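**Q** Sequence:
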Amino acid sequence: MELARVAIYLLNKKEGTNLVFNKVVSASRVRFAYTLSIQASDNRLYEAKLVVPRYNDKENDLK
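The opening position of the sequence shown corresponds to residue 1165 in the working numbering, with each subsequent residue numbered one higher.
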């Protein structure tokens, strides 16, 4: 649900709207990319494609 809220936030910033997240209708994931169908406060469906950077917490990677 956090990714859906981020997607609605970004849409609001881009379009100058004031939509609120209602629910995720469908979601799928391929590695680090997510595709969401989100219903917003205007009852329309929005498709969001988000890529989340890969995170590796190995201590050696921080050096």
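Just so you know, these hints were derived from the structure itself, not from any lab.
Every value quoted in this text rests on a predicted model; they were computed, and no experiment measured them.
Incorrect hints may have been included.
Below, in silico cross-link-like pairs of lysine-lysine (DSS-like), each with a Cα-Cα straight-line distance of 27 Å or less [said to hold, decoys possible]:
#1 Lys1213 - Lys1187
#2 Lys1178 - Lys1213
#3 Lys1177 - Lys1187
#4 Lys1177 - Lys1213
**Q** Determine for every hint whether it applies to the structure shown.
**A** Against the structure, the hints come out as follows:
1. Lys1213 - Lys1187: Holds: Lys1213 and Lys1187 sit about 16 Å apart, inside 27 Å.
2. Lys1178 - Lys1213: 15 Å, holds
3. Lys1177 - Lys1187: This hinted pair holds, its Cα atoms lying about 19 Å apart.
4. Lys1177 - Lys1213: Answer holds: Lys1177 to Lys1213 is near 16 Å, not above 27 Å.
Every hint, counting from the list given before, is met by this structure.
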